[in-house]
Amino acid sequence: MKEKFQPRDLSSTGTAALAVVGAGPAGLAAATLAAQLGLDTVLLDEQSDVGGQIYRAITATPVRDRKVLGDDYWHGESLVGAFRRSAARHVPGATVWAISRNTTRQSRGDHEIAYSVGGQAKLLTARHVLLATGAQERPFPIPGWTLPGVITAGAAQILLKSAGVVPEGPAVLAGTGPLLYLLAWQYLNAGVRIDALLETAPPRALLRALPYALDFVRSPYFGKGLKLLRTVRAAVPVIKAVEGLQAQGHDKLERVSYSFRGRTHTIAAQQLILHQGVVPNVNLARAIGAQHIWNSTLDCWQPQVDSWGNTTVAGIGMAGDGAGIAGALAAEHRGRLAALGAAHALGYMDTARRDREATVHRRLLAKATLGRAFFDVLCKAPIEYRRPAGNTIICRCEEVTAVQVRDTVKLGCSGPNQVKSFLRCGMGPCQGRFCGLTVAEIIADELRIPVEDVGYYRLRFPVKPLTLGELASLPQTAASHEAVIRLPADQEIRLAQPEMP
Amino acid sequence: MFRTLDQAQHVLPDVVVEIDGHAVRCREGSSVAAVLFANGIAACRETAVSRAPRGPYCMMGICYDCLVVIDGQDNRQGCMTPVRQGMKIERQLGPRKVRA
Chain A
419 MKEKFQPRDL SSTGTAALAV VGAGPAGLAA ATLAAQLGLD TVLLDEQSDV GGQIYRAITA
479 TPVRDRKVLG DDYWHGESLV GAFRRSAARH VPGATVWAIS RNTTRQSRGD HEIAYSVGGQ
539 AKLLTARHVL LATGAQERPF PIPGWTLPGV ITAGAAQILL KSAGVVPEGP AVLAGTGPLL
599 YLLAWQYLNA GVRIDALLET APPRALLRAL PYALDFVRSP YFGKGLKLLR TVRAAVPVIK
659 AVEGLQAQGH DKLERVSYSF RGRTHTIAAQ QLILHQGVVP NVNLARAIGA QHIWNSTLDC
719 WQPQVDSWGN TTVAGIGMAG DGAGIAGALA AEHRGRLAAL GAAHALGYMD TARRDREATV
779 HRRLLAKATL GRAFFDVLCK APIEYRRPAG NTIICRCEEV TAVQVRDTVK LGCSGPNQVK
839 SFLRCGMGPC QGRFCGLTVA EIIADELRIP VEDVGYYRLR FPVKPLTLGE LASLPQTAAS
899 HEAVIRLPAD QEIRLAQPEM P
Chain B
37 MFRTLDQAQH VLPDVVVEID GHAVRCREGS SVAAVLFANG IAACRETAVS RAPRGPYCMM
97 GICYDCLVVI DGQDNRQGCM TPVRQGMKIE RQLGPRKVRA
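Chains as they are written, first to last, in this note's numbering: chain A, 419 to 919; chain B, 37 to 136.
In short, the hints are calculated from the structure, not lab data.
Beta carbons are placed, not taken as given, at the ideal position from N, Cα and C, and that holds for glycine.
Fair warning: there could be bad hints in the mix.
The calculated BS3-like cross-link candidates involving lysine-lysine, where the alpha carbons are at most 27 Å apart (straight line), are [said to hold, decoys possible]:
1) K133(B) x K670(A)
2) K670(A) x K485(A)
3) K124(B) x K670(A)
FRET-style restraints, in silico, Cβ to Cβ [unchecked claim]:
4) S518(A) x Q121(B): 46 to 54 Å
5) K645(A) x D107(B): 42 to 50 Å
6) K670(A) x D110(B): 21 to 29 Å
7) G587(A) x V85(B): 36 to 44 Å
8) N607(A) x V47(B): 18 to 26 Å
9) E54(B) x V778(A): 32 to 40 Å
10) Q121(B) x A505(A): 16 to 24 Å
11) Q45(B) x A901(A): 50 to 58 Å
12) E54(B) x V902(A): 39 to 47 Å
13) Q121(B) x A890(A): 27 to 35 Å
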């Protein structure tokens, strides 16, 4: 016999004044301050522990010698401590896959957040949502970047922080950006050998960055950065202005090849660690419908936000690198500003108090971002590695190549969504995260138009793949169940018959 | 190849998992992908499109190149799944199979 339907206990559908998505510096700081201001706050995060990627595994890292990861990493402890002492609730292992406005009559424009924990889907209703979804590695499409043995610098740091796992055998670091040098420095501290560091920034990058050098010299990055650079350069062979970077090998990485001053060089390698900056994680914000703008200095999309982190969608804020790359220290101050913005929007404080309390965070934010313009220009990803040609794979999931995209544009395809329909690029499980920027740049290149005129993939929920079983496990009300169920004939609901006179 | 640092101090106890039928000792709470790296397995799957070998690339849940079969379930993200005592991990070869 079929079991009678029992509506699930809807107490598993949580409610909150503020829901924060992402437990990196922005999310932790925002949730802590919001809870201190009296907002019932829930922090949802995909990892099993707080910290995000920058402070990954900070509560449990096996790398206990503090000199290895450095003071900037351990600074994360202060954020975690404050968060733990606050009344904010933490939901670990929670993958958020949809956020939509609750359209039922009882709601006051609340947002419904659908997320999964261990394969079980759940709902959270919140009056205000703050996305602190952080950054991801910029795609680095070179020949052979899909070979086993090639990983991102972010991945290398996560392996080090979370498991104390490091390369053994010839290892090469390549690309541009401060993270590459930070990783090299951490590896040296841990006694890991690096065979070469291949810098892809062209010599003219320094010239272009010079106008921004004054702020950089005045910033805390200068002293720290210089020391780190000197340490790495003293211990690792650094080759500058590398062109034509390639990962080679049959079933796995065996060699790295590059050209320097017109001559090709090849080095044996078991690991190639790539990095050319980070870009905002835009999938959730885009699926919600937030407007995005093109940042032509950082060559990436970022959501359009006001000075409190409010996006163009009412009740949805963004803070941290997800709202535009500015680094971990800036992220926590932006998180606090967004918390003040949310508290004000929900009526927990008046405008005067919000503005008064924001002063200190704005000052610290300005201090944390001083000098970044210099980095941003100096470490710009070279066009060669953003707009590949030939048989280089650009969509890792569907194995679509650069020449396929270029040929499709020549046929008349003018936008990423059309290219996606033709070639399937962006249709795999990563949902365009590792090809979206490249496809847009290649289209812009072929059509000789700015990337902002090309646009981006139209992203939809769920923003992470989920099983039908997960979807079916969503809590339901009796009313929602009866709206779609077919009852046995004897229980059929008959429309009231008009009474005979 | 990758190795675990000698100085690594694990706060959680060790567990034993199975990787393609071989018993492997690892730290509870490590991700499946990290355990694969630490045990010299760089390629954890063959792609659905061309059967090319692939391994974890981003380690933060966004590239989906670390897909493996865990306790009989296909398409699990190795980098997002912490190991548990007795877990059976298999490389995912080709497209995921539908089980009746």
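These are the hints, each one checked on the structure:
Between K133(B) and K670(A), the direct Cα distance comes to roughly 25 Å. Compliance with the 27 Å bound is thereby established for this hinted pair. With a C-alpha separation of about 33 Å, the suggested pair K670(A) and K485(A) falls outside the 27 Å cut-off, and the hint is violated. Annotation: proposed proximity of K124(B) to K670(A) holds, straight-line Cα distance about 24 Å (limit 27 Å). At roughly 39 Å, the beta carbons of S518(A) and Q121(B) sit outside the given window of 46 to 54 Å.
For K645(A) and D107(B), the Cβ-Cβ distance of about 48 Å falls inside the hinted range of 42 to 50 Å, so the restraint holds. Our hint of 21 to 29 Å for K670(A) and D110(B) holds, since their Cβ atoms are close to 23 Å apart. G587(A) and V85(B) have their C-beta atoms about 29 Å apart, which leaves the hinted 36 to 44 Å range violated. In this structure the hint that N607(A) and V47(B) lie 18 to 26 Å apart at CB holds, the actual value being about 21 Å.
Hint check: E54(B) to V778(A), Cβ distance near 54 Å, so the stated range 32 to 40 Å is violated. Between Q121(B) and A505(A) the beta carbons are some 34 Å apart, a value that contradicts the proposed interval 16 to 24 Å. At roughly 56 Å, the beta carbons of Q45(B) and A901(A) sit within the given window of 50 to 58 Å. Checked against the hint of 39 to 47 Å, the pair E54(B) and V902(A) passes, with Cβ atoms roughly 42 Å apart.
At about 29 Å, the CB distance of Q121(B) to A890(A) agrees with the hint of 27 to 35 Å.
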